[in-house]
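**Q** In case you want the letters, here they are:
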Amino acid sequence: MRLAWLIAAVAAIAAALLATALYRSRRSDQRARARLGTTSAELERLSHAFARFAPMELVERVIASGVPTRGERKEVTVLFADLFGFTPLSESVDPSVLVRILNGYFERMSAAITAHHGHISTLIGDGILALFGAIEANPWQTDDAVRSALAMREELVAYNRELAAASLPTLRLGVGLHRGSGIAGLVGSPELMQFTVVGTVVNVAARVQALTREHDVDILITPAVQRALDPRFALRALPPRELKGIAEPVATFAVLEQAAELDPVHR
Amino acid sequence: MMLRDVEWEACALQPRHDRELEAFVREKLGAVPSAVPYFAASPWIVRALTNLGYNGAPLVGVDYALADLLGLVVSQDNSCRYCYGVQRTVMRIHGVPEARIREIEQNYLEAEIEPRTRLALDFARRISRASPLVSASDAADLRATGWETPAIRELAYLSAYNVFMNRLMTTAAIPITGVERVAGHWAVGWLAPLARLMMRRRWRHSPGTRLSPEQRSGPWSYLVCALDGLPAAGVLRTVIDQMWDSPHLTRRAKALVFAVIARGLDSSLAEREATGLIEANGLERGEIEPVLTHLSSPALDPVEAAIVPFARGTIRGRPTQLQERTRALLARLPGEQVVETVGVCALANALCRLSVVTQLE
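From first to last, the protein sequence lines stand for chains E and R. When we follow my numbering, the leftmost residue of the first sequence carries the number 1, and every step to the right adds one. When we follow my numbering, the leftmost residue of the second sequence carries the number 268, and every step to the right adds one.
Simulated from the structure, these hints should not be mistaken for lab results. One or more of the hints may lead you astray.
[Claimed, not checked] So, partial list: chain E residues that the calculated Cβ filter (under 7 Å) puts toward chain R:
{"hint": "1", "residue": "I63"}
{"hint": "2", "residue": "E75"}
{"hint": "3", "residue": "E136"}
{"hint": "4", "residue": "P139"}
{"hint": "5", "residue": "D230"}
For each residue, glycine too, the CB sits at the ideal point set by N, CA and C.
Based on the sequences and whatever the hints tell you, model everything.
**A** Pasting the structure below:
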């Protein structure tokens, strides 16, 4: 009789231990699943967020099999923007104020670029490298890029009014645009990757941007942009200038304004 | 992307109840979707959203469960919160466990999906993304796993149908509160067996139907004929004809919308068809190219000048971008013209992405 009780007690204890172990294992499994679910959802969210900066197919290839090294030749319009006199400004203004001014500037410029189907590839100090036609093929990329530059001009006027009202220094912008073929792909090191375009097309846009100071204008385009642009944009031809790394002198055009009928519905 | 993360603007369109139209929808679908009153100004849109789906165009070779999954995946890819909510509810009614739906929406790339099904879903996503436009070679993997041409055509059609619905609901910013409340309600799971019984008779496979000689002509007949054999072909013919005859926009304006979207997607077949229709409706060939190159021209009338750039904006973009553009268009055009434009853009986005069906042998 005593033996039977003993066996029953041992069995009950064993059952209780087993139940506890099973319960713990299930809880642990549930927690692991929940964590996995959260991570998966986060990954899904990130992949969609990244699709604003790189083609979705590329983002998915990166998720599935690591960083692809393959680049793709694409016809793009490159917009390069820089602030005049930013270095002296950065030395004369309190750092926190400077960061606030810069962030306000980037926020407005970014909105002007994305509203016209462009995407910001890189911020270099106070400079902006924006691409049109790099993520998706875009037959209207040149009109988009020039409209974007005009929107940036307009945004800066409004922002300067705000800065002046707050007794802060105002900003002056130079924008260079060039159209051509470049290699689009993920570029960088494993620690820092970005989807961008490399090639002469980017260098020329940057050099043309630098010419805005020499010509004392804010938006300059190359003949490649002018040829693809809606002829109703008002332009002013400027004399050719030598550009570093380019064999022939490059003629440029200052963008004055867009014709009234080319109104803001073009977004 | 998760349902709750998709930003969605308030709808700027005015709903209008049309009893006759709603009775038609109720008879076909068993209920009137909350989107219907917003499109009542253009009855062809309501008829299209009712008939282009399984109820009006039963499937021939593709399994209904796969078609549901395709709808979920494409709607998620297009960030259409309305269609996503609807598709979720439909799948739960069809008996798909909540956990399975969540697994797919949380991580489509890693979700356990049978390889043959995944290929079909990837094909549908590529058609929807159209970056670049899908061609016959994209169907090679499908063929290798045993997919036959008629079923591949049907997959392409289903993808285009979802593009139509996604663009329609997203561009119009149809309110999503009701749809999402139903999609997430516990009772959907409990009532699913009953709903399944009621719907089963509606969703039977069709043996296939042939187009009549009259259905083989008309705008975009090259696409309709390429789908011959599927019930969807005849339904699509009717939808295109009703859209073409709808009075709120001129035929030239509608053809311009198609041409712009065809240019944006690099669909030369669709562009050729659309430019032929533009010419037939009063714009000379020499005047068309500047419109398609710069999205504006003095040759356009004020309505066309407003809808041509708008059409371009519907090709790609986040929901809020599309919805802001619709709001801006409403400031320029009367409501019924905006509703019609939204419908024509949605149909053009679907049909221009469907060119691949003409290349499948």
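**Q** Does each hint fit the structure? Answer for all of them.
**A** Here's how the hints hold up against the structure:
A cut of 7 Å between beta carbons decides the hint on E/I63: the least distance to chain R is about 6 Å, and the hint holds. Nearest Cβ of chain R to the Cβ of E/E75: about 12 Å, over the 7 Å cut. The hint is violated. With its C-beta approaching chain R no nearer than about 5 Å, E/E136 sits inside the 7 Å limit, and its interface hint holds. For E/P139, the interface hint holds, the least distance from its beta-carbon to any beta-carbon of chain R being 6 Å, beneath 7 Å.
Interface restraint check for E/D230: the shortest CB-CB distance to chain R comes to about 4 Å, inside 7 Å, so the restraint holds.
When the structure is compared with the earlier hints, a violation turns up for hint 2 alone.
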